[in-house]
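Participant: So the chains spell out like this:
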Amino acid sequence: MANKQFDNHLGIVGWLGGGRWGVERYLYILHRLTGLGLLLFLLMHIFASSVRMYGPESWGVAMAILKNPVFKLGEFCVFVIFAFHALNGIRLIFIELGLAVGRAEEPVYPYKSSLNNQRPLMVVAMVLVAILIVAGGYNTFFGSH
Amino acid sequence: MKETAYWTWFIIAGIVILVIAGLHMVVMHLPMFGVFNPESGAVTDWGNVAFRSQNQFLAFTYIILLGAVLYHGFYGLRTIVFELGPKKSFQDGFTVILWIVGLVLFGIGTYAAIAAKALETAL
Amino acid sequence: MEKETEKANSITVYIRRFDPEKDSAPRQQQYTLQVEKGMTVLDGLHMIKQTQDPTINFRFSCRMGVCGSCGMMINGVPALSCNTQILDVTTTALTLAPLPNFKLIKDLVADLVPMFGVLKGLQLHIRRNDVEEMEKPTYEYYQTPHQLEEFLQFTYCIKCGCCMAACPTMATDREYPGPAPLAQAYRYNADSRDDARDARGDLVAASHGIFSCHYAGECSNVCPKGVDPARAIQLMKKDLVLSYFGLAKHKCAHLHKKPDKSTYKAKIEAPPHTV
Numbered sequence: 001m002a003n004k005q006f007d008n009h010l011g012i013v014g015w016l017g018g019g020r021w022g023v024e025r026y027l028y029i030l031h032r033l034t035g036l037g038l039l040l041f042l043l044m045h046i047f048a049s050s051v052r053m054y055g056p057e058s059w060g061v062a063m064a065i066l067k068n069p070v071f072k073l074g075e076f077c078v079f080v081i082f083a084f085h086a087l088n089g090i091r092l093i094f095i096e097l098g099l100a101v102g103r104a105e106e107p108v109y110p111y112k113s114s115l116n117n118q119r120p121l122m123v124v125a126m127v128l129v130a131i132l133i134v135a136g137g138y139n140t141f142f143g144s145h
Numbered sequence: 001m002k003e004t005a006y007w008t009w010f011i012i013a014g015i016v017i018l019v020i021a022g023l024h025m026v027v028m029h030l031p032m033f034g035v036f037n038p039e040s041g042a043v044t045d046w047g048n049v050a051f052r053s054q055n056q057f058l059a060f061t062y063i064i065l066l067g068a069v070l071y072h073g074f075y076g077l078r079t080i081v082f083e084l085g086p087k088k089s090f091q092d093g094f095t096v097i098l099w100i101v102g103l104v105l106f107g108i109g110t111y112a113a114i115a116a117k118a119l120e121t122a123l
Numbered sequence: 001m002e003k004e005t006e007k008a009n010s011i012t013v014y015i016r017r018f019d020p021e022k023d024s025a026p027r028q029q030q031y032t033l034q035v036e037k038g039m040t041v042l043d044g045l046h047m048i049k050q051t052q053d054p055t056i057n058f059r060f061s062c063r064m065g066v067c068g069s070c071g072m073m074i075n076g077v078p079a080l081s082c083n084t085q086i087l088d089v090t091t092t093a094l095t096l097a098p099l100p101n102f103k104l105i106k107d108l109v110a111d112l113v114p115m116f117g118v119l120k121g122l123q124l125h126i127r128r129n130d131v132e133e134m135e136k137p138t139y140e141y142y143q144t145p146h147q148l149e150e151f152l153q154f155t156y157c158i159k160c161g162c163c164m165a166a167c168p169t170m171a172t173d174r175e176y177p178g179p180a181p182l183a184q185a186y187r188y189n190a191d192s193r194d195d196a197r198d199a200r201g202d203l204v205a206a207s208h209g210i211f212s213c214h215y216a217g218e219c220s221n222v223c224p225k226g227v228d229p230a231r232a233i234q235l236m237k238k239d240l241v242l243s244y245f246g247l248a249k250h251k252c253a254h255l256h257k258k259p260d261k262s263t264y265k266a267k268i269e270a271p272p273h274t275v
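Protein chains in written order, with my numbering: chain A, 1 to 145; chain B, 1 to 123; chain C, 1 to 275.
Simulated from the structure, these hints should not be mistaken for lab results. There may be inaccurate statements among the hints.
[Said to hold, decoys possible] Across the chosen pairs, the derived CB separations fall in these ranges:
#1 G18(A) x Q143(C): 16 to 26 Å
#2 L18(B) x E57(A): 45 to 55 Å
#3 P110(A) x T95(C): 22 to 32 Å
#4 I93(A) x P137(C): 36 to 46 Å
#5 G74(A) x A59(B): 22 to 32 Å
#6 G74(A) x K37(C): 53 to 63 Å
#7 Y26(A) x V101(B): 29 to 39 Å
#8 Q52(C) x I133(A): 52 to 62 Å
[As the list claims (entries may be wrong)] Using 25 Å as the maximum straight-line C-alpha spacing, the simulated PhoX-like pairs for lysine-lysine come out as follows:
#9 K159(C) x K2(B)
#10 K120(C) x K2(B)
#11 K159(C) x K4(A)
#12 K22(C) x K112(A)
#13 K22(C) x K120(C)
Since the model is a prediction, treat every value here as computed from it, not as a measurement. Quick reminder that beta carbons are idealized off the backbone N, C-alpha and C, glycines included.
All chains should be modelled from the sequences, with the hints used to inform the complete structure.
Facilitator: Put into structure tokens, the structure is as follows:
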């Protein structure tokens with residue numbers, strides 16, 4: 001037999017592609033994307049905040065640039081992805097340390113899995129994310145500072 | 001076993017970030033709860049910034065936060081890149097580069113925190 | 001609903017075809033199939049092969065969800081074709097494709113051999129340090145029902161590869177063992193009779209190992225046997241972290257002492273013989 005096989009690995013589509021998947025898989029995708037976004041923000045934040053060591057004048061110049069409404073919107077976006085990454089991260093810590101996946105049980109059809117064990121945690125985390133986003137949005141756009 | 005150590009500290013760093021970045025958010029965005037913003041203006045006004053830079057506790061948490069965030073972020077990035085299935089040589093090089101970049105950034109951030117503190121005492 | 005499914009339904013079946021001799025990439029072929037209530041996807045494939053296209057290839061053996069040969073993508077979700085009734089999935093169009101994240105041999109046949117290789121490499125059998133007892137067994141290793149429950153769920157794995165097809169990490173990472181082998185590694189690590197927990201832990205905790213699982217949870221959703229690989233993997237991570245901090249308390253089962261027959265007395269006497 002000719003050993004000519006087709007490589008059927010899904011590649012990056014397997015990570016990002018949609019399909020008839022469960023909610024947790026979409027949260028997995030979002031967790032990755034928000035993580036990368038936060039890392040990008042962090043790098044900018046380190047350099048921007050380090051300007052303070054040059055004294056008040058330089059700091060004033062940097063802050064004047066950041067007064068731009070684009071940065072205001074950017075700040076809100078960072079807050080949204082931070083809220084998601086943080087709360088989904090708490091959920092993942094509980095799960096990956098084996099605290100929220102339950103114990104092994106006899107599989108009886110219709111099968112229940114560890115996804116059912118962690119679902120209340122997921123719902124609570126996502127509700128808190130929504131609340132934080134609303135509160136953060138109010139604070140960012142209508143807050144006193 | 002090495003990967004277990006990397007990963008465990010990745011999780012610990014995540015928890016540290018949760019606590020300190022949570023505090024950071026309260027200090028920066030909810031000034032009414034904070035004792036770290038003595039001046040009435042915005043939290044980014046120089047008076048407030050200088051006060052926070054001089055505060056020993058905040059300077060210390062900044063440095064811890066910086067280290068935790070860099071480790072957590074770069075380990076996460078490394079995981080994502082490794083899962084794309086690059087060559088072994090690339091993986092080793094990438095790990096080394098991330099360590100170097102991480103340490104340099106940590107150096108910059110720490111220097112800024114210490115220099116800002118020194119600057120204030122000099123003024 | 002009941003009325004609708006009772007009469008014969010004509011549905012369109014799209015089957016991914018690939019012939020390594022002719023094709024360079026898979027193509028899709030369309031068939032029309034009369035579906036009756038209770039017809040499984042595998043029955044449908046047999047029907048098409050018998051009446052329409054004898055060249056179509058698929059793998060099957062037991063036809064009852066035990067052997068794990070006939071896993072395929074059924075309308076985009078990995079499942080056993082013998083275990084899935086067509087009318088449960090669709091009443092209009094059915095798309096069949098081979099399991100992804102494996103190499104494709106022909107049509108709907110994915111090459112599961114690499115997965116079996118990984119399973120072999122993880123030393124999935126009871127390993128003990130008391131070699132002498134293993135060579136010349138004197139008596140059994142005692143295990144309570146509770147200790148059995150710790151791993152019983154994960155023994156039901158039939159190695160069909162559905163979880164491997166659903167796993168996002170598997171899609172790119174060729175070194176990742178995959179949900180099924182990792183779950184099987186935990187099955188033996190959780191076994192109170194096993195003594196090789198640390199060795200197996202080192203195997204799975206390597207780079208591209210168990211920590212490349214980020215709980216997308218899809219493996220557990222699609223498992224046709226309810227094995228829940230995602231749970232096994234998280235429990236194994238817990239054990240690994242505990243043993244990293246030196247907190248793991250794994251007690252290896254000792255040899256059950258042979259009872260002395262001469263002094264043995266049953267708690268409840270057997271009733272006297274009647275004949």
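Participant: All hints are to be evaluated individually against the structure, with a verdict given for each.
Facilitator: Status of each hint after checking the structure:
no., hint, verdict
1, G18(A) x Q143(C): 16 to 26 Å, "violated, 45 Å"
2, L18(B) x E57(A): 45 to 55 Å, "violated, 35 Å"
3, P110(A) x T95(C): 22 to 32 Å, "holds, 24 Å"
4, I93(A) x P137(C): 36 to 46 Å, "holds, 44 Å"
5, G74(A) x A59(B): 22 to 32 Å, "holds, 26 Å"
6, G74(A) x K37(C): 53 to 63 Å, "holds, 57 Å"
7, Y26(A) x V101(B): 29 to 39 Å, "holds, 31 Å"
8, Q52(C) x I133(A): 52 to 62 Å, "holds, 54 Å"
9, K159(C) x K2(B), "violated, 29 Å"
10, K120(C) x K2(B), "holds, 23 Å"
11, K159(C) x K4(A), "holds, 24 Å"
12, K22(C) x K112(A), "violated, 44 Å"
13, K22(C) x K120(C), "violated, 34 Å"
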